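Participant: Residues per chain, in single letters:
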Amino acid sequence: MSRRQRTTEAALPRPIIPVFVPCFIDQLWPAAGRAAVELIEALGFSVQVPGAVCCGQLYSNSGAEPDARLVRRQFERALTDRYEVVVLSASCAGYLHATRQHDGLRIVEFCDWVLRHAPARFPTRVERTCALHSSCSALRTTHTAGQARELLARVDGLRVVEPERPEECCGFGGTFATSFADLSVKMGQDKVADLVRERAGQDVDSVVSADCSCLLHLRGVGPERLAWFHIAELLNLAIR
Amino acid sequence: MTGALAHEFSKVLKRPEFVAFLDRALDYKYRRAEAGIALVPEWQTWREQASRLKARVRERLDELVVEFSENARAAGAIVHHVADAEAANQTVLDLCRHAGATKLVKSKSMTTEECGLNPFLEAHGLRITDTDLGERIVQLFGEPPSHIVTPAIHRTRREIGDLFAAHDMIEPGIDDPDLLTAAARKSLRSLFLEAELGLTGANFLVAETGTAVVVENECNSLLGTSIPRVHVVVAGIEKIVEKTADLSTFLSLLARSATGQRLTTYTSHYTGPQPRTPEESDRGAGDRELHIVLVDNGRRRLRSTPASEALACIRCGACLTACPVFRRVGGHAYDWVIPGPIGVVLGPGLGGPGQYELPGASSLCGLCSEVCPVHIDLAGHIHEWRTELAARTGKAPALPVGLRTLLCHPWLWDVTMRWARRLSVVTAPILRRHGLVRKWTAGGQRRLPEVPAQSFRSWWKTRPSPPAGEREPAPAARPASAAAVEAAPAPETALEDLFAEALAEAGGRTVKLSELIPALGSGAVATRRAREVLAEHDIELAPAPIDDHELAEVDCLVAVGHWRIARGGAVWVDFADAESRTQLLLPETLVLLVPEAEIVFDLPEHYERVRREGLPTCATLITGPSKTADIEGTLVFGAHGPRALLVCPL
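Residue numbers (the working numbering), protein chains in the order written: chain S, 1 to 240; chain R, 1 to 650.
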């Protein structure tokens, strides 16, 4: 790319990227939302946060389809003039994609979007041994677990380990977490044990995932010494 | 929702050793199937093909039931149509009475489990013996199967040893799976030999030919249908497939998904009743009978529910083995005849309101849909059931009142959440007492998340605009690494090598004629056809006996097969080539002589040939010796049938 071209490009306005930060991240993991905004800006874009609060999956999964449709409608309304929205949760992205109504709207999972714009190497080292938890949605609905892995591999200093049973659910599952609480807790404990299990010379100090819903549940049953990151938080450290 | 099911689950979780044992056993099973499937490049194509074939069957179900019945009758079978479980049980009882049978042997059939056939027949004074090793174990324990493919997967070898000792089948204190299996073989042999009626299910019913296909590893089905004079098949109408050619797809999918095998050891095709054996003619016994009881029991009705697609299920059990919920609580906790994801989907439709809680018992993780070999979107249907049942019962889910209003009005959401934070002295204790929050903590097992001081949206609104600076050049994006492409099918391997490898994998062995004679031993006998073949090579063996008790004492028997299937390591055997079916089943070692040139590549070629040459009364694809892994997943040869299988191309 010639210097002249670069100058021309610099004069262009920064493209605006709508980023949907779902309800539970908004209230319970705002740091993930902030990190996502800062990361996207650092990659050279402007962020717009639409009015939508929730995609409706919580209701839909518990069988309350009429409620889900009402919630879903406010989501669609908030994004009528957009053709693409970056969703900060593989779970919500998967649901939105599967139940797409607003035909023009492209639902893009966060890691999928970031990988398309990320540098080949992130500039800052992050010294950590991190266990990667891929959510069921990332693995089987949005198929973006590979993107998350690839992004983390571009961060120097970061040692990423994976569980023996990557395909197994962590046990959150929306209302399942409360209607089958004991079982949900047991699944979470097993998942944490698998994530932090002993590995030769690698002491896991943190868990990273592209889904805060899994993380909220796993953090609740996991040892307090661990740090828990949405992937946006780690990447935002590495882009500085 | 009453939470009774959740309570059952919690009860199981209070036995951590059991949960850990079950999880290990199921994970082992899962990994084996996973490894087997990874070897099949066409897996996804087969899945989609199977799904399409089954969709056609659902559409044409009524005509296919007629077509199957007509063809089965034409072949000499007697077909009974029954509407529900009660009628199915009564039909079987009438058949037993008519045949004067009081001693029955049964091989695994989930349909008879669904109908509650065993307790019904026992209440009428009949003795019914489950002969699959796992089924026998749970029958002796007096409990239902806990898994549709490995019924006793929840039992440890020690428990099974104690059980067998309590039934005087073995000395106390033995827990070796080899010895336990041998003990079961011995005790069941005598029950087989005195059985008067054999019951089986069917894995597939072929409409085109009126054939019932039964798939098994142990040889118990074959024995149970060969020794007694009367064979009764009890199967759901959804087991119908259109053509024999369709079997090639289903058989491969079923074997790999259930156990990781290329093919199940015995795939038997029953078309009409078998002729009387010479021994039966000698003593003037009645003609052999084949009855096929086609059970509806709610299946036609299911087609208008979210469970419709579940009628495609081939009962491989993969979704149970994979399911994280099933893995931790086991089949009994569901308190419904078919546990796991497929049971959750079938439950509300087949079982009625008593099973309305089942769809809640899933985290909707979707692994079941991914592993299903016939591509049933199980997780999707569980979700549909939740929606349908919520609409039907009018019961709202357990979500906080008013939450939806907040979620629908972002400004109200922002204001409410801001004030809830400011007034946390008041709101926090109220929230902590909320039912949902109490359920979340599950008696102190799971911490509540700390609520950060500021929400994301509030940060976003109050944040100073980001520096408008010059747009940095967007760093070059690198495309995501392409998913590893599955290795193409192996290049032209000689069929002979392929066959030998596949057979060895199944526990059998290929031998040359020159190696055969030393391998035979002194007591070897042969069927009439085999003796004719061997005579051409100047080998003479004693004729095989025809009496079952004498056959059970035979060490090694030589018989003939028609052709081999290279990719499956299987031999196509027509039982009419022997004087009695049991000649191939009761001896310790079976040797099959097959013309060397008679070899096809795979199942589609095999069934094409079957279509051309026609189906005999009873023909079986044999892949290796009889085997079982019903005791803690340990592979043991010689469950009921031959312990060794040699195949000799001539």
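Think of the hints as simulated: they come from the structure by calculation, not from any bench.
Computed from a prediction, not measured in an experiment: that's the story for all the values here.
One should not assume that every hint holds.
Stated by the list, open to error - Just a sample of chain R residues kept apart from chain S, beta carbon distances all over 10 Å, derived: (1) Asp23; (2) Leu140; (3) Phe637.
Stated by the list, open to error - Keeping only pairs whose Cα atoms sit at most 16 Å apart, straight-line, the calculated EDC-like set for lysine to aspartate or glutamate is: (4) R:Lys186 / R:Glu171; (5) R:Lys512 / R:Glu596; (6) R:Lys395 / S:Glu38; (7) R:Lys512 / R:Glu501; (8) R:Lys461 / S:Glu38; (9) R:Lys186 / R:Glu159.
No residue lacks a Cβ here, since even glycine has one placed at the ideal position from N, Cα and C.
Participant: Quick check: which numbered hints come out false for this structure?
Facilitator: 1, 6, 9
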